[in-house]
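Visitor: Residues per chain are reported as follows:
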Amino acid sequence: MENPVVMGHKNIILISSLLLLFTFTSAFGSQDIAIRAGHILTISDNPIENGIVLIKDGKIEALGRNVVLPADVRLIDANDKFVMPGLIDSQSRLFVMDSELNESRTIAPELNILDAIDPFIKEYREVLAQGVTAVCVAPGSRGLIGGRSAVLKLNGSKNVDRMVLKADATLKAAVGISTSNASSSLARLEHYSSIREALIATKVYMQRKEKADRELAEYNRKKAEYEKKDSGKETEKKEKPKRPARFRSSPASDVLAQVLRKEIPLQIEAHRVVDILNALRLADEFGFSLILDKCTEGYLIADEIARRKVPVIIGPVSTSFVDMPRLEYRNHNMSNAAILSKRGVKAALGVSGRDGASSKFITLAAAMAAANGMDKSAALRAITLTPAEMLGVADRIGSLQVGKDADLVILNGHPLDIRTRVEMVMIEGKVVFERKSQQ
Amino acid sequence: MNPVRNSNRGKNKNIRQEPSISNGVKSKSYIAFVTVFSMAFVISVSVRAAPVRKKLAVKAGSIITITGADIKNGTILIEDGIIKAVGKKVEIPWDAFVIEAKDRVIMPGFVLAHTSSGLDRANENVPEVPFLSTFDSIDPISPYFEDSLRDGVVAMLVLPGNNTLLGGTGTVVKPHGLTVEAMLIKRYTGLKISLRPTGNTSRMGHMQRFRRYMSDLKDYLEEYEQRKADAKEEKKPFDEEIDPRKQPMLDLMNKKLTAFIYCDIAADVLKAIEIHEKYKLNTVLVLNPTCYKAAPLIAQKKLPVILHPQLIIWETNEETNEEEMKVIPMIFHKAGVKFAFQTDTSQYGRRYLWYQAATAVRHGMKREEALKSITLYPAQFIGVDDRLGSIQAGKEATLIFLTSDPLDAQAWVDKVMIAGEIVYEKEKDQRLKKLLEKPDEIQKPKDTD
Amino acid sequence: MKACVILLSFLLLMPASAKDEQSEVTAIKAGKIFTMSGSPITDGIILIKDGKITDIGTGIEIPEKANIIDAGQKVIMPGLVDASAVPPVRGDLNEQSDEITPTIRISSALDPQSKILKRVVQTGVTTLYISPGWRNVIAGLGTVIKPTGKTPKEMIIKEDAALTLVMSLDSTYGNQIPRSQPPRNFYFRRPTTRMAIIWMLRKSFFDAQKYAASKEKDDPDMQILASVVEDKIPVRLNVRRAINIRTALKLAEEYDFQLVLDECTEGYKVAEEIAQKQVPVVLGPFYYYPGSLSQHREGREVNWNNAGILTKAGVKVALTSGAQPQSIDLLTAAAFAVRHGMPRDKALKAITTTPAEILGVADKVGTLEKGKHADILILSGDPLKVTTRIEKVILNGKTVYKAE
Amino acid sequence: MVKAADAPQNLAIRAGRIWTVTDGVITDGVIIIKNGKIQAVRKNPDVPAGMKLLDFSDKDVMPGLIDAHCHLGLSLDIYSEIDETVLAVTPDMQILDAFNPLADDVKKALRSGVTTVLLAPGNKNPIAGQTAVVKLSGKKTKDWILKRSAGVKFSLRDDALMSDRRPTSRAGLLALIREELNNAKTHEQDKPDLRIEVLKSVVDANFPVYICAYTIDEIVSALTLVDEYDLNAVLIGAQQGDEIANMIAGQNIPVIYSPLLLFSRDKDLKRVVKMADGGIKIAFSSTAPRTALSDLRTSAITAVRYGLDTEAALKSLTINAAEILGVSKRVGSIQKGKDADLVILNGDPLQPTSSVEMVIINGTIVYQRQKI
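Chains as they are written, first to last, in our numbering: chain U, -1 to 437; chain H, 402 to 850; chain F, 5 to 408; chain X, 7 to 378.
What the hints contain is simulated information worked out from the structure, not anything from laboratory work. Check the hints yourself; a few may be wrong.
Claimed, not checked - Derived pair list, reagent style SDA-like, types lysine to any residue, alpha-carbon separation capped at 20 Å:
#1 X:Lys276 with H:Glu723
#2 U:Lys240 with H:Lys636
#3 U:Lys374 with U:Gly36
Chain U with its partners taken away, still in its complex shape (with noise of 0.2 Å):
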């Protein structure tokens, strides 16, 4: 099956060079830059006091107490603020439009949200102007199996595949999400069993495709041979081997096929004890990487979620992020994301606000959670790090660590405090948002 991405990749890089050019508020080529500041929360490990990031060609060169910086470096003063990386939002609907979130098929593992990203849509400056500088957007929860996920950077590029730090990053399923606000017992049933259908099916299709490359190589052997012999002085003729019917694949299966082989995690939001059940009972029984999303009611059964090792994207950690409350967040609590982490669940924060503009908030949503018991040093990695691991990308982004991209933000104060103030934002390196002064 051909990949949409891959393709894009190919074709398209040629735009980003010229868009780079205006879609930047400020580039200065590649300069080395260094930010002197007076903390520097790595997240990664603890904060260092009065250091320095030495920025090169995008990436973090070095950072610590003493950096030798080089000659002509373009030197930043932050003594007095804040540095950290990037802020990530893991629930994030931001370039969607509602319209194009969901597909009305049930089971669509073959959909790539990336065809319904729109460039050109404006929120994402607000969301940049407050930290935020990845976002993990998912297919919404309407299908049952809703397509692939992807990160993506708010770098401006009117250019999705410049856009994209991860295609396919998740594949999004949801169990038990009541369509109207009446009890949804009998779709929760039905939810389940045809999701389950679903992968023994894959599983039937990928033991086909085997077989059909078993038969195949050994076809072509049997030519060889009887072309062989054909040519050589013929002594006893051999029939002619008979090719194998040729195998049909199908891009949903493949997909599947992925998630199978824990090549794609899936994604299962859920919120209700029995849906939350529900999913780790199909990661036990097919063996592939399970993301607990939304997770409302988890705090009810953390020790089943913290037995078996399951990463969880908690939000909205206030249900003050969704316009009405839907029958699923009867039980919301507060203290969600606190008892998860306590209890040593792997707990990142999302927003998984209304609309796109919502992800702006996702400190505001990590300082709720520390106000309701989690530590604020676990907040916020809960919107850095852990999401970065879970959607593997920590390779990147995520943390303050020499080597990964210099995506990072810096503060008149403590990320938490209600008062402070993003005063710059910084993707691979370019200013993509700077505060004006009489703001």
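Dock chains H, F and X against the given chain U, drawing on the hints supplied.
Guide: Coordinates of chains H, F and X only, in the frame set by chain U:
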């Protein structure tokens, strides 16, 4: 779709494998090939061989040649419907019939590069029907064609509507003639691809559907080639036809057909470019007004564009909350994109190509450029620029006689000449009279009570 | 990027408007001025003080501290008047709960921040008449406004300008006839036919006359209808078919009220009669095709030259957008009216003075004269050329739009 | 959690910071509570004998939050018993008759530090019904019902338009309201009619009206009405009020601002700040249960994020609301003589990182946070 008709199309190689049938002579011979349309042959020829004077000389007050400079008091010499010479001092042969048009402005007829009017229905409700052709759906007696001629349009590409993923192939016709065959200029030109999802599908589903179709097509071809190879190997004769329903998409990819890709929002343009580059197509973009945001990209890719009839839109500036007028043609013009105009009848003026051009000029577009985008450029986009779109020796004598400057609202199309034959005259236009003059006094009812 | 552009364009725009507001007097110089009150002035000057024209003509000397707008050889004309504009009101324009709702005032629902207003200004319209929708037989009271101001008070220049009646079939739309099932809501009601519409109009005005004569004044609906038959408020009557136009004229005679005909699609058929009764006409939206009129039953017989034929017969004609958001460009409308046979001077009047007179605000707007509102358009060329563009719109002496 | 049943005992609360709202912040102070009322607020930390001492030396105490517009305790499921839509005009309807003090969302509200609320009907009726001011806990009626009828709620929102009920249009909506008010004016006493009585007290006796208006045109129409009938009015919602702040301030009409939703665009979130700066008295509201209950404090916090002065924010949560609802004699600040409605937080009330530890109403502990 109708299997019988398709199998015909399938068997008839002439239609498909004839390399771009573009100039008049060829097209005649090409039609002649088409045994199934022998009827068409007779008619189309009879139309061409109508009482056209062999030699004509048009003495014009002024001539807008489009490609060259305008000519005051010039002469156009025409022989067998083809322009032989044009200029100030062209000597008129003794046997030429002279048409006096001293008080007229003469220019090449307008060309409309994209329309879905004149069809009984513009869209099929099945998403993938590339094998359909508007040829089978054009209604010659539709008032739309009559009006087009009245408005000075001499050639139009009729394509399926914008609601079908792979809508079918188009037909270039002139708005004159009693049968489609008689109107025909060039058939099997352009294939309509619409990137706007319809029904309750999302853009994800829509694009996936397209990719699915292409991967199936790939499979089919591989299998086909395999069978061919096998036959060769077994020294068996191989007479299997390519499935006619798939042929148009194949012709698209080997550039026999031009892709007319409709984009609903700016983001669709990105996908259009993706497709254009992946399959190396000849592409023309058919754009909705809001697609202007992608103008720089389009300019960089040097893709031709057909603009939506609505040339001016308003947008709310988020910072100031003011309404800002966006003049679409100007945005593309400044970006350096080559485009053609479209028409509709939803409000004053938009029905006329000259008015669309005038609107662009009003907001600062160069007059010459604007005139090109209603004549030469559309002719290029639909591949008839070798016979239409400008007044040059060697091109077809398809001209319009205007009462004054084309961009003036007071100018009327006085005469239309197609291939040397006058096919429209205002003073003989009964319908126009009815539309402009007061009907005879209808008698008043006697006052009751 | 886009933001920058926007910012720039605003920086360009600001100073002009800012200055206008500060300085006492503004003086505009232009090569050609269509005053619409007399013959055009060449190389004229207009003086503006607090939103009004204080002087206009040639060789007027300009005070020291005046802020001068030099339009060079450009053309100046009065701001356009749309006698039937799209109301800047959210939601349904029709009060569907009853077919006779004289107390409905469109002015009470004005949205000062409406996008429509901001757009309409850019097309040169500086005065609008807006009315309730056309789904009631007696729809309510219309208002004359200017597209500026933060509150209705600041916008309105004539409240209760006219009472909207609807004789076209629009007033029957949505109504259902109670046949088998009992009426469930108020859509089961009269009128569903032409005769019922006219019956209801007659009935209302008959009652109104009685009410006007009687002593106690306690019915707000009747109050308004009475003031119509007492000739205090004119009537705007929406009508399309020739036969209805005749009826309308008769009705106006019976109950003698001031009549203005709206839309009047088949007016050309009965031009003389309209002229004879001296009833002005506010032409509705223009349609190219018979039947392309949404109310196709009434739009079979369109004539492109409706305006021309009516004016020739001596009818006072105003060209309007016909309350159609699609067609808001009055200058183009005039250009095409001329194309189709309307005399040039009449066409220009039909988008300025004539509508102003019909709306009864001719003392304030419609021409460039001493004492009138300083609503001024600066054009790049002749108003009736479609290649001419609006360079600047001045409303109450302030620059409200400037082309980049 | 201490049962609400406990009799209001005499309490002394020692706190790290006391946010009195009306007279500044007292550090390391003590609040003395005698039978439900605040008897003293003082700096020196010694406590009279025989008093139960609650020691919050490292915590913050503030007055109970006041939610100036919500629909709490009216819902069996996610909101229902809010609108009586058969009739468009129901001024005689009293919202308190539908209130269930033991409802789930009431408890949630308590947990978020809300102690007093304005109960109001929904927005689906042009003239909806009578609002009420109540505390979210209390045994004796006089303890918890501050005002059985606090005023009449009007709605100029599009929600009040229905396709099968008069009015169907904005113009019709205003015509209807005018008609009703005119009737009330000209109504003779001899034929009694409850509906009209209520409206009469509105036009004649300054009985408050709570007018729900969000967009500019709605607000403008509201102001015109207030002017015309010279009403004693409060604006509810007033989202775009900043555009005409000077007019609202000019007629000095207080505003009960709509919740700051966490999916709004920046320019909308800045509006409330502009209004406060424009000299308009602002109170916050949650419109719960439509939006989450944490919204009340979150609204204030978000407003601060977008530039609202912290003191103003704090006032808007407490004393402003009390004054607007006309109950400032009893609640809204930590002052001698006022009801002992207190919230104890583990930090600055306007920091999202601080949360509610304990809630006290009339000197009774009604909520206490457990450890996780």
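Visitor: To test your reading of the hints: which numbers does this structure violate?
Guide: none
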